[in-house]
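Asker: Use these hints to put chain B with the ligands onto chain A, whose structure you have.
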Amino acid sequence: MERKLITGNQAAALAARDSGVEVVAAYPITPSTPVVEEIARMVESGEMDARLILVESEHSAMAACIGASASGSRVFTATSSHGLAYMHELLHYAANARTPVVMAVANRAIGPGWNIWADLGDTMSQRDTGWIQFYCSSNQEIYDTVVMAYRVAEDRQVLLPAMVCYDGFVLSHTAMPVVTGIGEFLEEYRAPWKVDFDEPETFGNILSSDYYMELRKDVFESHRKAIRIIKKTEEAFESLTGRYSPLLLEKYMLDDAETAIVAIGAIASESKIAVRKLRRDGKKVGLLRIKCFRPFPSTDVVEALESVDTAVVIDRSISPGHEGQLFSEIKSALYSSRNRPEIIGKVAGLGGRDVTFRAIEKAVCGEFRDGWINEVVV
Amino acid sequence: MVEGVRWEIRFHGRGGQGAVTASLLLAEAAFRCGYYSQSIPFFGAERRGAPVLAFTRISEEEILERSQIYSPDCVIVLDPVLPGTVNIFSGLKNGGIAVINTTDAPEKFRFHQNVLTICTVDAVDIAIRNHLVVSGTPVVNIPLLGAFLRIFSRIPPEITEDVIRERFRRNWKANVRAMWEGYENAVIRKVKGSGKTMSQESKCSIAVRVPVSKPVKGVAGRTSIWRDFVPEIDYSRCTGCLNCWLHCPESAVLRDGREVRIDYDFCKGCLVCSSVCPKTAISVAREVMG
Ligand code: SF4
Ligand code: SF4
Numbered sequence: 001m002e003r004k005l006i007t008g009n010q011a012a013a014l015a016a017r018d019s020g021v022e023v024v025a026a027y028p029i030t031p032s033t034p035v036v037e038e039i040a041r042m043v044e045s046g047e048m049d050a051r052l053i054l055v056e057s058e059h060s061a062m063a064a065c066i067g068a069s070a071s072g073s074r075v076f077t078a079t080s081s082h083g084l085a086y087m088h089e090l091l092h093y094a095a096n097a098r099t100p101v102v103m104a105v106a107n108r109a110i111g112p113g114w115n116i117w118a119d120l121g122d123t124m125s126q127r128d129t130g131w132i133q134f135y136c137s138s139n140q141e142i143y144d145t146v147v148m149a150y151r152v153a154e155d156r157q158v159l160l161p162a163m164v165c166y167d168g169f170v171l172s173h174t175a176m177p178v179v180t181g182i183g184e185f186l187e188e189y190r191a192p193w194k195v196d197f198d199e200p201e202t203f204g205n206i207l208s209s210d211y212y213m214e215l216r217k218d219v220f221e222s223h224r225k226a227i228r229i230i231k232k233t234e235e236a237f238e239s240l241t242g243r244y245s246p247l248l249l250e251k252y253m254l255d256d257a258e259t260a261i262v263a264i265g266a267i268a269s270e271s272k273i274a275v276r277k278l279r280r281d282g283k284k285v286g287l288l289r290i291k292c293f294r295p296f297p298s299t300d301v302v303e304a305l306e307s308v309d310t311a312v313v314i315d316r317s318i319s320p321g322h323e324g325q326l327f328s329e330i331k332s333a334l335y336s337s338r339n340r341p342e343i344i345g346k347v348a349g350l351g352g353r354d355v356t357f358r359a360i361e362k363a364v365c366g367e368f369r370d371g372w373i374n375e376v377v378v
Numbered sequence: 001m002v003e004g005v006r007w008e009i010r011f012h013g014r015g016g017q018g019a020v021t022a023s024l025l026l027a028e029a030a031f032r033c034g035y036y037s038q039s040i041p042f043f044g045a046e047r048r049g050a051p052v053l054a055f056t057r058i059s060e061e062e063i064l065e066r067s068q069i070y071s072p073d074c075v076i077v078l079d080p081v082l083p084g085t086v087n088i089f090s091g092l093k094n095g096g097i098a099v100i101n102t103t104d105a106p107e108k109f110r111f112h113q114n115v116l117t118i119c120t121v122d123a124v125d126i127a128i129r130n131h132l133v134v135s136g137t138p139v140v141n142i143p144l145l146g147a148f149l150r151i152f153s154r155i156p157p158e159i160t161e162d163v164i165r166e167r168f169r170r171n172w173k174a175n176v177r178a179m180w181e182g183y184e185n186a187v188i189r190k191v192k193g194s195g196k197t198m199s200q201e202s203k204c205s206i207a208v209r210v211p212v213s214k215p216v217k218g219v220a221g222r223t224s225i226w227r228d229f230v231p232e233i234d235y236s237r238c239t240g241c242l243n244c245w246l247h248c249p250e251s252a253v254l255r256d257g258r259e260v261r262i263d264y265d266f267c268k269g270c271l272v273c274s275s276v277c278p279k280t281a282i283s284v285a286r287e288v289m290g
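Quick note, the sequences are listed as chains A and B, same order.
Residue numbers are given in the UniProt record's numbering: position 162 of the first sequence equals residue 162, and the series is strictly consecutive.
Residue numbers are given in the UniProt record's numbering: position 195 of the second sequence equals residue 195, and the series is strictly consecutive.
Bound-form chain A, shown alone (with noise of 0.2 Å):
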């Protein structure tokens, strides 16, 4: 173990080497070009023993990445924005090829309107391609989360690819202090099936309505499956590193809290200092962090929730023409509930504005009556 000063986009590089990745197969962009950088300069000092294919596309680096994971290898890609947006057939592709990438994405704005700040449309608007997909809210989790999503991709139980998102800039470039090095956390990668020159098989076959249907619902399925043993990755990576990393979500002062912020990213840490200054004026307000979005823990999020009076959700991306994307996942997910609360939506910091504690505090105690947090509060 090694705690040093290190950038989001480091962390994610560092902790791709520290998990015995194989292939990089990459097209690098701003907000995470760092850390294909920091890759190429491990693989050529001869610290990270990988190979790294440099592509000509973000299209051809998912393909690149769903051949070499394919072929049993333990894959790794990094990419941003306008890249993901590029990927998006290949990541239909790799979900339903049920290669266990994991990438990490530097979350970014989609122009025009060129802006390479923080946003987390590009994720969400990869939602429902079947990947698995965390938030991070520090550079110590991106270095965590890349390594646990390796060994909840690769399970048996779940077999399918993991994104790693954190806010552009705001985490990708900003450097704080991470705890490197995994111990025994991972084994060696062990393909269930893997392109084999000595016995051909066709992957990625045709698949007509007789069976795409239940090909579809196997990967439903094993998001489900994926709850538990994303709970499961998280204390055994706590037991093995010490190390506590939230990998599901995370509850911060919510026991006996009227009012819950949800948030996610890097906003759900500046929303810990909105509930303490809030918690100093008597205010009984707590945080639930939603850090893994799909598969969506719904019934963990009622469980959080149900005993609250109010829950203010904040999205750093919008779905136009309805709301934020997180507000209509809680939503949806207490509408079982009987004893759900009631729930705002709020929409702050997309293209990198600046989402201050400050304004986070305004936004619970009422202001923004619009929904539209879009005063940098100083």
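It should be emphasised that the hints constitute simulated quantities derived from the structure, not laboratory data.
One thing to keep in mind: the hints can contain errors.
[Stated by the list, open to error] Simulated DEER-style distance windows between Cβ atoms: (1) Arg156/A / Lys93/B: 50 to 60 Å; (2) Asn94/B / Asp256/A: 48 to 58 Å; (3) Gly111/A / Asp234/B: 32 to 42 Å; (4) Val5/B / Val195/A: 52 to 62 Å; (5) Val81/B / Gly111/A: 53 to 63 Å; (6) Val179/A / Ile151/B: 27 to 37 Å; (7) Gly95/B / Asp255/A: 35 to 45 Å.
[Said to hold, decoys possible] Where chain B lies over chain A, by a calculated footprint (3+ residues, C-beta under 8 Å): (8) 228-234; (9) 257-269; (10) 352-359.
Since this is a predicted model, take the numbers as computed values, not measurements.
No residue lacks a Cβ here, since even glycine has one placed at the ideal position from N, Cα and C.
Answerer: Relative to the frame of chain A, chain B with the ligands by itself:
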């Protein structure tokens, strides 16, 4: 809840001067002294010469903030012309510290706080004497860091020296020298300000419907302060072909029929116009800031 002691430092610079690196080095030095620390670069337009911000938090307990710093305990100003163009004192706590790269005396600065500790150092001179110049820009970050350490006694300069040595493997000697020169040449004074609270700076409240490229005040700001070089049209050679008007990425070449004119509020000094002019009618001069 017990809150530990913390310091928040904001760096002001322009691309190429090393603000981001300085923020990181300071965070690293603090980290080695046992503090929690955080270094946040803020990249605006990614271009040399554009104003850059960076932030360092140093704390006795875990740092949960992910936002930028608006009420710093200290500002470190890398660019000698910035005080005229951006409000470097904005939000700085009363009684706080400003470390400024300047040839002026501390007393020359005007601010709204009651009192500040102003620390000045001619970092350009130190950078030039130590040959810390990259593509024509003196890299002033290290001498300023040295000046800051003179006031901020929590971090021994020797620790920072180690950090510099590791960071600049090839050029560490000149950088370590520059740090100590900054440390020793810092002029530190308590200076009184006007004590008048300033009106809040205007927030971005423009309506954006279509992202068009014509610069609007408040979107990319006045890009004129990015300029290191300024294009000038020689009208005796200009034929009015409009090539410059067509190519300017900021739409800063204005036209009236076939007559062209440069809008210097928004010209960012990229010199595309000069390179596409078939008559070489657009000459290039060094920008003089005032
Ligand atoms: S240098 Fe020329 S092309 Fe560039 S912004 Fe100025 S006027 Fe436009
Ligand atoms: S490109 Fe040159 S000649 Fe043509 S309009 Fe511009 S300045 Fe005149």
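Asker: Tell me, which hint numbers fail for this structure?
Answerer: 2, 5 and 8
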